[in-house]
Each structure stands twice: as structure tokens, then as C-alpha cells.
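*Asks:* The chain contents come next:
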Amino acid sequence: MSQIINISSSQLLLALVFILIAQASSFIYHLGLNRDIAIGTIRTFAQLFLMGYVLTFILKSSNPFLVMSIFIVMVVSAMFIIKGRVKEKQIPYIIPTFLTMLVSYLATALFVSGLVIGITPWWEPRYFIPAGGMVIGNSMSALAISLERMFRDMRHQKELVEMKLSLGANYREASLDIFRNAVTAGMIPSINAMMGVGLVFIPGMMSGQILAGTDPLIAIRYQIVVMLMLVGSTAVSSVVVMLFVRRRCFGSGEEVLLSPR
Amino acid sequence: MTPLLEIRNLSFAYEGSAALVFDRLNVTVQEGEFILVKGPSGSGKSTLLRLICRLNKPQGGSILFQGNDTTTIAPAKLRSTVSYVAQIPQMIDASVEENLLLPFSFAINAGKTPPGTDELKEMLSKFYLAGVRPDQSAMKLSIGQKQRLAIMRALLQKPLLLLLDEPTSALDQESAAMVFSIMERLNTEEHKTLITVTHIDYKPETVRPLTYTLAHQTLHLHESDH
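Sequence order for the protein chains is A and B.
When we follow the numbering used here, the leftmost residue of the first sequence carries the number 1, and every step to the right adds one.
When we follow the numbering used here, the leftmost residue of the second sequence carries the number 1, and every step to the right adds one.
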């Protein structure tokens with residue numbers, strides 16, 4: 001396999017041609033995206049350069065506490081992104097969501113790096129950080145979809161839920177359909193990704209490994225592990241978060257707490 | 001004798017509002033009574049029923065059912081004994097029979113034998129629903145038919161107290177008369193205790209109700225009923 005070719009700074013700037021094309025399209029057709037494209041470009045450069053330096057530092061340091069700190073920062077950032085997307089003021093969902101994310105992602109990343117890939121030490125940052133990042137990124141979107149769906153359905157179907165409660169259903173029975181639909185809605189993108197992988201798209205991690213000179217047959221093995229890991233962690237975190245948050249939608253008398261907007 | 005229902009010093013305000021809907025409201029309901037609660041819309045009539053079956057939470061006071069504070073009774077147990085029928089009848093997207101048997105799919109009724117199709121058909125005709133087939137979709141029924149079906153469904157668990165929230169507000173005169181007739185029959189023939197809230201001027205023909213008016217954050221018994 002050939003050595004990876006470095007991209008020089010001038011070559012990197014050349015890639016800005018793509019941004020100029022996007023900016024020109026927005027300008028000509030009055031899409032109103034010029035500002036967002038500019039901010040997005042600056043953030044892409046800044047965040048990735050920062051990440052690059054941080055990773056270089058962590059890979060050299062081999063300090064488990066540092067690796068865990070980065071992991072926690074990633075989960076906290078994901079939580080803030082979810083909070084921005086799920087506009088719910090009445091039901092406190094942040095803490096149960098955050099704790100579930102932390103525990104389930106840690107367990108998944110541990111399982112994959114420690115057992116499936118079999119790295120020692122298990123926190124080896126070259127494996128642990130990217131694996132954790134993929135789990136967090138994937139399941140973050142699933143959780144945002146599920147939470148949004150659960151709160152919306154709970155409000156829209158409040159009368160139906162109360163009808164079931166009035167007939168003697170407990171809160172779990174009264175909200176069973178809403179719970180199922182919320183978890184399903186979050187899981188569908190991960191399942192669809194399993195259907196399309198290798199046919200419709202080549203996943204980012206595998207592309208990266210191939211670009212870096214890894215044998216494609218090794219790269220696919222990593223990718224299979226990653227796909228399965230993503231589906232599993234999404235399922236676990238969605239189910240657990242929805243169980244906790246659903247309980248919070250009901251009061252001590254199992255009454256629906258959400259009021260219509 | 002322990003009253004069936006006793007409300008003591010009940011206070012309630014909606015979340016985020018300082019205005020009290022109820023201020024130290026007291027009322028006692030004996031078994032077999034037929035109670036009408038009247039009052040203009042917005043006076044809190046529906047809320048009173050919702051508080052009794054714990055669909056809303058009071059700020060103060062207590063509600064006793066058969067002498068027990070309702071907050072000490074498991075919510076599902078309370079609601080299968082004190083059955084609330086909402087103003088707008090809600091049906092699941094399924095057949096009439098599946099809707100009627102819905103309560104029997106809940107854990108609280110595990111082990112109880114649901115009524116058979118023949119029994120349901122007989123009951124349907126008593127509820128002026130003789131033309132309705134158990135296997136037809138409940139979603140396609142008229143609102144008046146849904147309302148009668150909702151009352152029938154609530155009764156299948158044999159509750160001790162039936163709470164009817166404006167049962168005729170969305171109905172035409174003919175359908176409303178059917179519902180009133182069902183309510184009166186439930187009281188006279190099956191000795192059910194009913195609390196019905198309504199804003200219309202309804203005078204029962206076959207039962208002598210206790211009529212309360214909800215005003216100034218509390219209930220007032222009509223003079224004629226004293």
C-alpha cells in the first residue's frame with residue numbers, strides 16, 4: 001500500500017473553491033445562505049483544527065483520565081445539541097437523557113474497543129475516541145428524533161391517553177403506542193443505514209481507512225463492527241431514555257402533565 | 001354510613017395562574033345519588049370531575065372515596081372504580097367490539113372475563129345502538145353514537161361512580177335525549193351513582209336529582225333540593 005499523501009496548506013485553501021461555488025449559488029438565487037455558509041466554513045476549519053491538535057496531544061499522552069474527559073466533553077456537547085433541537089419546556093428530560101447517554105455510550109465503546117477489537121489498554125485513544133464519537137453522533141440524532149416525537153404525540157394525543165387512563169390503564173399501558181412510535185422513529189435511520197451500506201454509500205470511517213492505505217478487507221470488518229455497534233447503542237439508549245422521560249410526562253397520580261401548546 | 005365520595009376543602013388553580021378555580025370546596029355524595037352540576041362554561045365543572053379521578057392534581061384539600069383518600073388508592077384501581085367519560089368521546093382506531101373491550105386489555109382487569117359478543121349486542125341495543133355491528137369501525141360512528149358507546153364502555157367494568165362531563169354538549173336534540181334517558185335508567189334500574197356536569201337546562205323526568213351550581217369557586221345546592 002502507498003503512503004498517504006499530505007495536503008499542504010495551499011492545497012487546503014484550494015478546496016475553498018467549493019465554498020465559492022456554494023456562495024455564488026446562494027448569491028445568484030437569493031437563497032439567503034451566504035452568512036451561514038461563511039460561518040459554517042470558519043467553524044469547520046476552527047473545530048477540526050482544534051480537534052486535530054487535541055487528538056495529537058491525547059494520542060501522545062496516553063492518559064486514561066484525559067481520554068475520559070474528552071469522552072465526557074463529547075457527550076455534554078451532544079446533550080446541548082439535543083437540547084437545541086428538542087423544544088420542550090415543561091418536562092425535565094435533560095438529566096435522565098444525559099446520564100443514559102453517558103452510561104450506554106461508555107458501555108458500548110468499552111465493549112467494542114476492549115472485547116470486539118481487543119485493544120489493550122481498553123481506553124487506547126486511537127480506537128476509543130473515534131468509536132465513542134461515532135456512537136455519540138449517531139445516537140444523538142436518534143434521541144433527538146425520539147424525544148421530539150414522544151413530546152409531540154403526547155400533546156396531540158392527550159385526550160386519547162386520558163381516555164385509556166380513565167378506563168383503568170396505568171401510564172405505561174396508556175402511552176404504549178406513543179412510546180413504541182417514538183423509539184421506532186429514532187431507530188429507522190440506523191436500520192436504513194444498514195440496508196444501504198456498501199451499495200448506496202461507503203461509510204466515512206471505511207473511506208478514511210482506505211484513503212489511509214488500509215486493506216479494504218480489513219476496513220470492511222471495522223465498518224461491520226461499527227454498523228452493528230451503532231444500531232445496538234441507538235436501540236439501548238433510545239429505549240432507556242424514552243422509559244425515563246415517559247414517566248416524567250406523568251404526575252404522581254399518573255395524570256398527563258403536558259398541556260397543549 | 002361512609003359516603004361514597006367526600007370532597008373536603010378542595011382548592012385548585014391552573015398551572016401558572018394565581019386565580020383559584022375552587023376555593024375550599026366541600027361536597028358529599030351518597031351511594032345511589034344522581035347529581036347534576038350546573039354552571040357557565042369556564043366555571044370549572046369539568047375540572048371538578050377530573051380532580052375526582054385524579055386527571056388533575058389539587059393544590060389543597062382532600063378527596064375521599066369510600067372513606068379512603070384517593071391519593072392512597074392506585075390510580076388505575078381508582079379510575080376503574082370511578083369512571084370518567086370526557087366531553088368529546090375518544091375511540092381507538094379499531095372495531096366497536098375492540099373499543100368496548102379495551103378496558104379488559106389493561107392489567108387492572110387481568111383475570112376478569114370480558115362480556116361475549118351476544119351480551120355486547122344486547123347492551124348495544126339498550127344504549128340505542130341496535131343498528132351498530134360489533135365488527136364495524138368505531139371511527140365511522142356519529143358523535144352521538146360514539147358518546148353512547150363511550151358511556152357503555154365505561155360501564156362494562158362496573159364502576160361504582162360514573163362521572164359524565166357535558167355528555168350532550170356536542171349532540172343534537174334527539175341524541176341528547178337518548179343519553180339523558182340512559183343516564184336516568186342507570187340510576188333508577190342499576191342504582192348507579194352519577195355525577196353529570198352540564199351547562200344546559202336539563203330536568204330529569206324519572207329521577208329526582210341533587211342539583212348544584214358552581215359559582216364563586218364553590219358548589220351551591222339548589223334551594224328546591226333542600
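Derived by calculation from the structure, the hints in this document are not laboratory data.
Any given hint could turn out to be false.
Claimed, not checked - Straight line, CA to CA, 27 angstroms or less: simulated DSSO-like cross-link-like pairs of lysine-lysine:
(1) B:126 to A:158
(2) B:38 to B:158
(3) B:121 to B:158
(4) B:158 to B:57
(5) B:121 to A:158
(6) B:57 to A:158
(7) B:140 to A:158
(8) B:57 to A:89
(9) B:140 to B:126
(10) B:57 to A:87
(11) B:77 to B:57
(12) B:158 to A:158
(13) B:126 to B:57
(14) B:57 to B:38
(15) A:60 to A:158
(16) B:112 to B:158
(17) B:112 to B:77
*Asks:* Looking back at the hints listed earlier, which ones does the structure fail to meet?
*Replies:* The structure conflicts with hints 1, 5, 13, 15, although it agrees with all the remaining ones.
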